[in-house]
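Chemist: Sequence:
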Amino acid sequence: MTKLYERLERCYKSIEDKIPFRPRLALVLGSGLGDFAERIEIEASIDYHDIADFPVSTVSGHKGRFVFGHIGLVPVVIMQGRVHYYEGYSMEDVVLPARLMHLMGAEILFLTNACGSANPAYQAGDFMLLTDHILYSVPNPLIGANAEELGVRFPDMSEVYDKELRKEILTVAQEQGLSLREGVYMQFSGPSFETPAEVRMAHILGADAVGMSTACEAIAGRHCGMRICGISCISNLGAGLSKEPLSDEDVKIVADQAAPRFRKLVTEAIQRMAKA
Numbered sequence: 001m002t003k004l005y006e007r008l009e010r011c012y013k014s015i016e017d018k019i020p021f022r023p024r025l026a027l028v029l030g031s032g033l034g035d036f037a038e039r040i041e042i043e044a045s046i047d048y049h050d051i052a053d054f055p056v057s058t059v060s061g062h063k064g065r066f067v068f069g070h071i072g073l074v075p076v077v078i079m080q081g082r083v084h085y086y087e088g089y090s091m092e093d094v095v096l097p098a099r100l101m102h103l104m105g106a107e108i109l110f111l112t113n114a115c116g117s118a119n120p121a122y123q124a125g126d127f128m129l130l131t132d133h134i135l136y137s138v139p140n141p142l143i144g145a146n147a148e149e150l151g152v153r154f155p156d157m158s159e160v161y162d163k164e165l166r167k168e169i170l171t172v173a174q175e176q177g178l179s180l181r182e183g184v185y186m187q188f189s190g191p192s193f194e195t196p197a198e199v200r201m202a203h204i205l206g207a208d209a210v211g212m213s214t215a216c217e218a219i220a221g222r223h224c225g226m227r228i229c230g231i232s233c234i235s236n237l238g239a240g241l242s243k244e245p246l247s248d249e250d251v252k253i254v255a256d257q258a259a260p261r262f263r264k265l266v267t268e269a270i271q272r273m274a275k276a
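Residue numbers (UniProt numbering): 1 to 276.
You may find that some hints are simply not true.
Said to hold, decoys possible - Cut-off 16 Å, straight-line C-alpha distance, at most; resulting in silico cross-link-like pairs (EDC-like, lysine to aspartate or glutamate):
{"hint": "1", "residue 1": "Lys275", "residue 2": "Asp162"}
{"hint": "2", "residue 1": "Lys275", "residue 2": "Glu182"}
{"hint": "3", "residue 1": "Lys163", "residue 2": "Asp132"}
{"hint": "4", "residue 1": "Lys252", "residue 2": "Asp35"}
{"hint": "5", "residue 1": "Lys167", "residue 2": "Glu182"}
{"hint": "6", "residue 1": "Lys264", "residue 2": "Glu38"}
{"hint": "7", "residue 1": "Lys18", "residue 2": "Glu6"}
{"hint": "8", "residue 1": "Lys18", "residue 2": "Asp50"}
{"hint": "9", "residue 1": "Lys264", "residue 2": "Glu175"}
{"hint": "10", "residue 1": "Lys13", "residue 2": "Asp47"}
{"hint": "11", "residue 1": "Lys13", "residue 2": "Glu38"}
{"hint": "12", "residue 1": "Lys167", "residue 2": "Asp35"}
{"hint": "13", "residue 1": "Lys3", "residue 2": "Asp132"}
Worth flagging that the hints you see were computed from the coordinates, not collected in a lab.
Generate coordinates for the entire structure from the input sequences, incorporating the hints supplied.
Modeler: As structure tokens, this is what we get:
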């Protein structure tokens, strides 16, 4: 057994008796979207501090706990607050929560984030369905000894974001009359916002949005054999596309304004995806 998997098992065994059921889907809530977990009937919650050898988010506004409940008939575990590479954690720490939710039983990993636009056509408040990603300026989470218990040494990444799950999300958005863009997400390290030159580079390389999370979690989840989908809330125009300086507070304001539409889309999409 690899050290990585031994650590993962320690985490799991320290909370095994607190997990109320085997979740079918794992949902990771991005900045400004954490209140989604408060809107479901919570059956149990586990604070990250109570999990053995588990990283704890230091970002303001991230509550730092797993929430268990049902969305419709779908048993879910919700990650209310994620860990970021820019906080000084190793990449193993950053993706440990996704791997732990897989160990809990989750088959689908639904990733969300608040991010900046790299595509000039995108506006603050838009939603973007992830079709692909570019991992940039952060290490691949699979570097190091491979945990064979989780997946193969060289996993295929031809289709990280599941086509069938994307189709279900698009159908729901259409039925709700919600404009849902589709695009490529590029992960930077942060914590500084990207420069105008970096935003231009990202768009030239094929990215429509830029942020500081998500891609590494998608890789780790795919390595485990999970089905992946993701939605970004475009919370701000990337540097150089806006005349205003960027701030974390503005990101939260836009995400809060978008939250009702986000909740409606995600709630229905999860119920549909469980049948896909």
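Chemist: If a hint holds in the structure, say so; if it doesn't, say that too.
Modeler: Against the structure, the hints:
1. Lys275 with Asp162: Answer holds: lysine 275 to aspartate 162 is near 14 Å, not above 16 Å.
2. Lys275 with Glu182: violated (22 Å)
3. Lys163 with Asp132: holds (11 Å)
4. Lys252 with Asp35: holds (12 Å)
5. Lys167 with Glu182: holds (11 Å)
6. Lys264 with Glu38: holds (14 Å)
7. Lys18 with Glu6: violated (20 Å)
8. Lys18 with Asp50: holds (11 Å)
9. Lys264 with Glu175: holds (11 Å)
10. Lys13 with Asp47: Cα-Cα ~15 Å, so holds.
11. Lys13 with Glu38: Distance of about 26 Å is beyond 16 Å: violated.
12. Lys167 with Asp35: Violated - the C-alpha atoms of aspartate 35 and lysine 167 are around 26 Å apart, more than 16 Å.
13. Lys3 with Asp132: Roughly 30 Å separates the two Cα atoms, so the pair is violated.
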